[in-house]
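Engineer: Given next are the chains, with one letter for each unit.
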Amino acid sequence: MYPFSFTKAANTREALNAGRSGGRYIAGGTTLVDLMRETVERPETLVDISDLPLREVSVTERGGLRVGALVSMADAAAHPKVRALYPVISQALELSASAQLRNMATIGGNIMQRTRCTYFRDVSADCNKREPGSGCAALKGFNRTHAILGSSDDCVATHPSDAAVAFAALEASVHLLGPDGERSVTFADLLLKPGDTPNREHALRQGELITAVEIPSLPRPLKSGYLKVRDRQSYEFALTSAAVALHVRGGVIREAKVAAGGVGTVPWKLSAVEQALTGERPSDHLWAEAARHAADGARPLQHNRFKVELLTRTVERQLRTVGGTK
Amino acid sequence: MSTEVPESAVPPPAGADESSPAPSRRTFIATTTAVGGAVVAGGVIGGTSLLGQEEASAAGTVPSSRVSLTVNGARRTVTVDNRTSLLDLLREHFELTGSKKGCNAGACGACTVLVDGQRVNSCLTLAVRLEGVEVTTIEGLADGDQLHPLQQAFVDHDAFQCGYCTPGQIMSGVGCIKEGHTGSPQEIREWMSGNICRCGCYVKIVRAVEQTARGK
Numbered sequence: 001m002y003p004f005s006f007t008k009a010a011n012t013r014e015a016l017n018a019g020r021s022g023g024r025y026i027a028g029g030t031t032l033v034d035l036m037r038e039t040v041e042r043p044e045t046l047v048d049i050s051d052l053p054l055r056e057v058s059v060t061e062r063g064g065l066r067v068g069a070l071v072s073m074a075d076a077a078a079h080p081k082v083r084a085l086y087p088v089i090s091q092a093l094e095l096s097a098s099a100q101l102r103n104m105a106t107i108g109g110n111i112m113q114r115t116r117c118t119y120f121r122d123v124s125a126d127c128n129k130r131e132p133g134s135g136c137a138a139l140k141g142f143n144r145t146h147a148i149l150g151s152s153d154d155c156v157a158t159h160p161s162d163a164a165v166a167f168a169a170l171e172a173s174v175h176l177l178g179p180d181g182e183r184s185v186t187f188a189d190l191l192l193k194p195g196d197t198p199n200r201e202h203a204l205r206q207g208e209l210i211t212a213v214e215i216p217s218l219p220r221p222l223k224s225g226y227l228k229v230r231d232r233q234s235y236e237f238a239l240t241s242a243a244v245a246l247h248v249r250g251g252v253i254r255e256a257k258v259a260a261g262g263v264g265t266v267p268w269k270l271s272a273v274e275q276a277l278t279g280e281r282p283s284d285h286l287w288a289e290a291a292r293h294a295a296d297g298a299r300p301l302q303h304n305r306f307k308v309e310l311l312t313r314t315v316e317r318q319l320r321t322v323g324g325t326k
Numbered sequence: 001m002s003t004e005v006p007e008s009a010v011p012p013p014a015g016a017d018e019s020s021p022a023p024s025r026r027t028f029i030a031t032t033t034a035v036g037g038a039v040v041a042g043g044v045i046g047g048t049s050l051l052g053q054e055e056a057s058a059a060g061t062v063p064s065s066r067v068s069l070t071v072n073g074a075r076r077t078v079t080v081d082n083r084t085s086l087l088d089l090l091r092e093h094f095e096l097t098g099s100k101k102g103c104n105a106g107a108c109g110a111c112t113v114l115v116d117g118q119r120v121n122s123c124l125t126l127a128v129r130l131e132g133v134e135v136t137t138i139e140g141l142a143d144g145d146q147l148h149p150l151q152q153a154f155v156d157h158d159a160f161q162c163g164y165c166t167p168g169q170i171m172s173g174v175g176c177i178k179e180g181h182t183g184s185p186q187e188i189r190e191w192m193s194g195n196i197c198r199c200g201c202y203v204k205i206v207r208a209v210e211q212t213a214r215g216k
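Just so you know, the protein sequences line up as chains A and B, in that order.
With this note's numbering applied, the first sequence covers 1 to 326.
With this note's numbering applied, the second sequence covers 1 to 216.
Just to be clear, a hint being listed does not mean it is correct.
[As the list claims (entries may be wrong)] When the alpha-carbon atoms are kept at most 30 Å apart in a straight line, the in silico DSSO-like pairs for lysine-lysine are as follows:
hint: 1; chain 1: A; residue 1: Lys140; chain 2: A; residue 2: Lys223
hint: 2; chain 1: B; residue 1: Lys101; chain 2: B; residue 2: Lys178
hint: 3; chain 1: B; residue 1: Lys204; chain 2: A; residue 2: Lys8
hint: 4; chain 1: A; residue 1: Lys223; chain 2: A; residue 2: Lys81
hint: 5; chain 1: A; residue 1: Lys140; chain 2: A; residue 2: Lys193
hint: 6; chain 1: A; residue 1: Lys81; chain 2: B; residue 2: Lys178
What the hints contain is simulated information worked out from the structure, not anything from laboratory work.
Computed from a prediction, not measured in an experiment: that's the story for all the values here.
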């Protein structure tokens with residue numbers, strides 16, 4: 001680990017000042033400290049933001065839900081409102097990491113966590129994300145866990161978060177505060193596909209802080225849930241996952257929100273699946289038909305061809321779990 | 001609390017351990033004993049400073065911070081290299097070697113301790129961030145000679161072989177019981193999954209946690 005100076009921000013103004021002059025924010029630190037030790041991350045200054053007042057979970061005036069950026073994964077998952085209104089978020093969080101890590105890690109940091117690509121984490125390997133222009137060792141390397149959607153010739157690393165998949169499915173927005181004031185971006189616009197600049201991972205400007213994630217109001221009743229498929233049953237990143245939320249009224253699916261994890265360079269919204277579901281009556285046949293669109297546009301690599309079929313089945317299974325069967 | 005990087009700070013080679021610029025008291029004593037028992041004040045051998053943390057900080061060689069925290073009920077104030085993890089602080093500075101360094105990456109749970117009552121991975125916790133917190137380690141669990149019920153349960157069930165992961169398992173188990181995730185063996189397994197046991201004592205570990213939770 002390289003030496004760094006350390007400062008703890010007593011308030012938001014102090015944090016933004018430190019951030020503007022190049023300080024790196026640290027919240028839970030579970031990814032950042034790990035990557036600093038691997039010398040993948042080399043911040044000169046760490047700005048501890050854990051004292052900022054961003055720990056609230058509240059129902060918005062519009063009937064949505066606002067989760068503060070510094071709410072721990074454990075607290076967010078266990079919050080009665082999150083559990084009651086959006087089980088898909090609680091489940092995605094509780095299927096992530098370990099109890100210890102969920103006590104430490106925060107909602108903002110969970111979204112901002114960096115890829116688990118082993119070549120990204122190994123400073124001796126070529127990686128365009130870590131060192132632009134050096135190449136991508138994963139393309140021709142051991143790429144079993146890598147992305148099949150949203151990838152480019154420069155990067156095939158997946159975004160590792162589960163919670164972000166639930167947020168993407170529910171079309172959350174992310175509130176930001178920076179030196180130039182507040183703004184909010186849709187979840188789809190926050191995280192960037194690699195293209196030919198895989199080192200650019202998000203739309204945050206210098207010194208900007210995530211203050212909260214807001215889930216929009218969705219019609220009720222809303223059934224939702226998260227399915228995660230992985231090499232071991234617990235404490236492991238997803239090979240594939242599916243976040244599903246369905247609003248069914250009068251026997252017809254009026255709203256369908258679906259996204260996939262473990263397969264994309266960003267949390268992958270499954271718009272074609274949603275379209276195939278909307279306006280239809282729930283049935284086993286419908287789940288299978290809709291799920292056939294899950295891997296539309298997939299570009300599998302040498303070792304991860306299995307993900308195409310696995311993703312399709314994961315989505316079909318979770319549609320049935322949430323939407324029921326005849 | 002704020003510190004600056006001194007200009008003289010030289011980046012370490014990739015993979016260098018963050019505790020290397022300032023060796024522990026144990027390695028310090030071992031090293032100085034090896035050179036004839038002479039204390040080499042301010043000396044550097046093999047590129048490693050023999051200064052203690054306080055001296056290194058005063059000399060401006062590494063960016064350091066002063067932090068006060070409570071460990072197992074005792075108030076401690078120390079100046080640490082900013083890179084020091086809570087795990088290294090406990091093991092190398094406070095001589096509390098019960099908490100173990102397994103992976104040093106948050107993947108094995110051997111370093112689990114309680115910070116303000118919550119179980120965390122001490123290897124991923126920077127010590128400089130812990131101003132004012134209360135840390136409980138395996139050394140602080142027993143009440144004198146009276147073992148904590150979960151410690152006793154590990155003995156009763158013979159829930160270990162080599163014992164390396166055991167302090168982390170017990171601290172994690174204490175957290176798990178406190179959090180209330182002990183409704184069934186399945187639930188215990190899921191909520192204890194952050195603690196790896198290479199000897200494979202999981203069945204007995206789950207029984208020990210279950211017994212303690214029931215007796216609560």
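Engineer: Take the hints in turn and mark each one as holding or not.
Structural biologist: Status of the hints after comparison with the structure:
1. A:Lys140 to A:Lys223: Status violated; Cα separation ~41 Å.
2. B:Lys101 to B:Lys178: Roughly 24 Å separates the two Cα atoms, so the pair holds.
3. B:Lys204 to A:Lys8: Answer violated: lysine 204 (chain B) to lysine 8 (chain A) is near 43 Å, above 30 Å.
4. A:Lys223 to A:Lys81: Holds - the C-alpha atoms of lysine 81 (chain A) and lysine 223 (chain A) are around 14 Å apart, at most 30 Å.
5. A:Lys140 to A:Lys193: holds (20 Å)
6. A:Lys81 to B:Lys178: This hinted pair holds, its Cα atoms lying about 22 Å apart.
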